[in-house]
Amino acid sequence: MYDIQKSFSAHSIAEALDLLSEYPEAVIVAGGTDVMIRLRQRKICNAVLISIREIPELNGIHLREDGSIVIGAGTCFDTIYQDTLINRHIPILAEAANQVGSPQIRHVATIGGNLCNGAVSADSAPSLLALDVNLEFHSKESTWDLPISEFYIGPGKTALHADRELLTSIIIPKQNYENWSSCYLKFGQRNAMEISTLGCAAAVKLEKGKNQLAALHLAFGVAAAKPVRCPRLESSVVGMAADDLLWKKIHTEVLSELNPRDSWRASKELREQLIRTLSVRAVKKAIERAGGKNNEI
Amino acid sequence: MRSKEISFILNGKPVTTTFSEGESLTDLLRNLGMTSVKKGCEAGECGACTVLLDGKSINSCIYLADWVEGHDILTLEGVRAKDGSLHPIQQAFIDEAAIQCGFCTPGLILTGVELCNSGKKYTREELRERISGHLCRCTGYENIINALDKVIGVNS
Numbered sequence: 001m002y003d004i005q006k007s008f009s010a011h012s013i014a015e016a017l018d019l020l021s022e023y024p025e026a027v028i029v030a031g032g033t034d035v036m037i038r039l040r041q042r043k044i045c046n047a048v049l050i051s052i053r054e055i056p057e058l059n060g061i062h063l064r065e066d067g068s069i070v071i072g073a074g075t076c077f078d079t080i081y082q083d084t085l086i087n088r089h090i091p092i093l094a095e096a097a098n099q100v101g102s103p104q105i106r107h108v109a110t111i112g113g114n115l116c117n118g119a120v121s122a123d124s125a126p127s128l129l130a131l132d133v134n135l136e137f138h139s140k141e142s143t144w145d146l147p148i149s150e151f152y153i154g155p156g157k158t159a160l161h162a163d164r165e166l167l168t169s170i171i172i173p174k175q176n177y178e179n180w181s182s183c184y185l186k187f188g189q190r191n192a193m194e195i196s197t198l199g200c201a202a203a204v205k206l207e208k209g210k211n212q213l214a215a216l217h218l219a220f221g222v223a224a225a226k227p228v229r230c231p232r233l234e235s236s237v238v239g240m241a242a243d244d245l246l247w248k249k250i251h252t253e254v255l256s257e258l259n260p261r262d263s264w265r266a267s268k269e270l271r272e273q274l275i276r277t278l279s280v281r282a283v284k285k286a287i288e289r290a291g292g293k294n295n296e297i
Numbered sequence: 001m002r003s004k005e006i007s008f009i010l011n012g013k014p015v016t017t018t019f020s021e022g023e024s025l026t027d028l029l030r031n032l033g034m035t036s037v038k039k040g041c042e043a044g045e046c047g048a049c050t051v052l053l054d055g056k057s058i059n060s061c062i063y064l065a066d067w068v069e070g071h072d073i074l075t076l077e078g079v080r081a082k083d084g085s086l087h088p089i090q091q092a093f094i095d096e097a098a099i100q101c102g103f104c105t106p107g108l109i110l111t112g113v114e115l116c117n118s119g120k121k122y123t124r125e126e127l128r129e130r131i132s133g134h135l136c137r138c139t140g141y142e143n144i145i146n147a148l149d150k151v152i153g154v155n156s
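Line order of the protein sequences matches chains V and W.
1 is the number of the first residue of the first sequence in this note's numbering; add one for each residue after it.
1 is the number of the first residue of the second sequence in this note's numbering; add one for each residue after it.
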């Protein structure tokens, strides 16, 4: 039996926000695969839950006229993994979605919930950071977008005011996926049902001749107190060719912008090794997917 | 904790019942006599409580009973055909001796039924991945994969 005082199901964004203003202490629950665990562990007690599962506008993936792809915050990972638009234009998101939990978890766990939990190990965070997506929020008064780079503000903390705001969509602008290629690599102790020990997402854009990097976005989960990018390294590799020099530069410099820690899941030393190795591997793979010339592969 | 009324489809039949608001779907179903829904880890990891919600496998232990209002739930009790004959997945589990203690079996069969309903065929590697949300401590999985392979494998 869960320690629940009241449980509501909202059927529209407006209804969810009305309920939230009536019960500001309430917990918004989408798939519930994290919230229910916290309830079970008594980290949440006497809870008021507002389920947003039955809100159709939060569910699904569509293409806007301007070419941006919009993922409803309540879309489950299995839907993202199977979606045609995602597989055609942003395969890294399908790749990341399919590494979450187990098939049963992916049928209910949502991408919005994954972000709003603020977990540094969230499987969707590195890819969404590398894609530099925008997040759309609703409050009773307004609707606004926030770049994901401003969403994570500290360990387990996000810019979301959970007492009055709702994450409604994840928006990937056309210029952030068109002509980009990317790769997400996750390291865990086992192949399924595993929380990420380290997650690394690389997105690359090549110059016309496919010989040089026009842009690199490199993002990590569990490599610092929150999911982060490596802006200094990213701008310093622009114009470089895909060769040993680039791999060496990434390998030696990537850690300078990160701060991996010891935890019961892995030591700091293992995480540092994973960061160096996975970042080179992810960039290589992304360049290969972009059709880049790479003598090492 | 408040008591509430709920209506949903259970194994093809409409059901209306009362439950208390903090009840998991596992508890609700077991209270309705669906004891094939096992209580294992109760943390969404072992898959023993798996049921199909609108045709998709979910862990009923971390799903609130309150959220199934108006939805369709299938448990192992509803898997047999109307004439009482076993589902091909059930028969394959028997034929391949894919059962030892039986605790993981209802969940695995439901995942098998879900895959069967998809109309797709699966390689052994894909089957391994598709059953990765079920823990079996007896069989070593080999006979379970043999059973699934027999019905929905690429060579079936």
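Heads up, a few of these hints could be off.
Simulated coverage check for chain V against chain W, where a stretch passes if three residues somewhere in it have a Cβ under 8 Å from a Cβ of chain W [stated by the list, open to error]:
#1 5 to 11
#2 49 to 60
To list a few chain W residues with every Cβ distance to chain V over 12 Å, as calculated [unchecked claim]:
#3 LEU32
#4 CYS46
#5 THR50
#6 LEU53
#7 TRP67
#8 GLY70
#9 ILE94
#10 GLN100
#11 GLY119
Taking lysine-lysine and the DSS-like style, the derived pairs with C-alpha atoms no more than 25 Å apart in a straight line are [said to hold, decoys possible]:
#12 LYS6(V) with LYS4(W)
#13 LYS174(V) with LYS140(V)
#14 LYS285(V) with LYS174(V)
#15 LYS285(V) with LYS157(V)
#16 LYS205(V) with LYS268(V)
#17 LYS56(W) with LYS43(V)
Derived from the structure by calculation, the hints contain no laboratory data.
Built from N, CA and C at the ideal position, the CB exists for glycine as well.
Violations among the numbered hints, reported as their numbers in ascending order: Result: hints 4, 5, 6, 7, 8, 13, 15, 16 and 17 break, sorted rising.
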